[in-house]
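From just these sequences and the hints, can you work out the full model?
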Amino acid sequence: GAVVSQHPSRVICKSGTSVKIECRSLDFQATTMFWYRQFPKQSLMLMATSNEGSKATYEQGVEKDKFLINHASLTLSTLTVTSAHPEDSSFYICSGVTGINQPQHFGDGTRLSIL
Amino acid sequence: RKEVEQDPGPFNVPEGATVAFNCTYSNSASQSFFWYRQDCRKEPKLLMSVYSSGNEDGRFTAQLNRASQYISLLIRDSKLSDSATYLCVVNLAPGGFKTIFGAGTRLFVKA
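Taken in order, these protein sequences are the chains called A and B.
Take 1491 as the starting number for the first sequence in the numbering used here and just add one per residue.
Take 620 as the starting number for the second sequence in the numbering used here and just add one per residue.
Keep in mind the hints are simulated off the structure, nothing from the lab.
From a predicted model like this one, the values you see are computed outputs, not experimental measurements.
There's no promise every hint is true.
To be verified - Calculated cross-link-like contacts (lysine-lysine; reagent style BS3-like; alpha-carbon spacing at most 30 Å):
| no. | chain 1 | residue 1 | chain 2 | residue 2 |
| --- | --- | --- | --- | --- |
| 1 | A | Lys1510 | A | Lys1556 |
| 2 | B | Lys729 | A | Lys1531 |
| 3 | B | Lys661 | A | Lys1554 |
Here's what the structure looks like:
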C-alpha cells in the first residue's frame, strides 16, 4: 500500500523555537498533500491544502505566516511552525493523495509539545 | 449544517454484535467517499473506499446512496479490536480539490 513517512514523530522544545515537520510519500507521487492538526479528544482539523509547485491554500483561521508550507516536489511537503508557543502544542498529521478519486494516505503524525 | 455529518456516538456494543454507522453529506459535487478508522493518539488509517455499487471487505460493508447523499458502514461480528473512531471522508472538487472529514463516531466493543 501507499506509504507516507512523517518526521519527526515527537518534538519537545522551548517557546519561540521554529519547528519543521517533513512529510514524504515513499512509493507514490502525491499531487496534493494535506496538513491537519488534532487536539486531544477533538476531530481532525484541516489546516491547509498544498499542491506541488504552488502556494498552499490555508483554511480560515490558520495563519499562513505562522504555519509555512512548502510542497517542493511530488514526494515532499514540509510544515514549519514558526516561533512556536505552548498553544501550538498539538498532534500534526500530513497526508498525500494522487487524485480526487483516491484515498488519502496519512503519515504517522508528529506530536509537538512546546514548553 | 455541517458538510459531512456522522452519528454522534459513542456506540457501546458487545462482541459479536452488528453495528452500523451513518454519514450524510450536503454537497452534491462530492465525488469520492471513504471510511477511515482512527485509534487513540494515532493517525487515521484507510478502512475502505465506498463505491456506488456497494462494496464488502470481510466483516465490513460500505454503501453509498448518491440520491440521498448518504454513506453507511456496517461491521458484522464485532471484535474488541474494532474499538476505534470511524471517520467518514468526502472528496469534492468545486474548483479545486477539497476533502472533508466527518467528526467521527466512537465505537467501544466490550467482551
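Of the hints given before, which are not true for this structure? Violated hints: none at all, because every hint is consistent with the structure.
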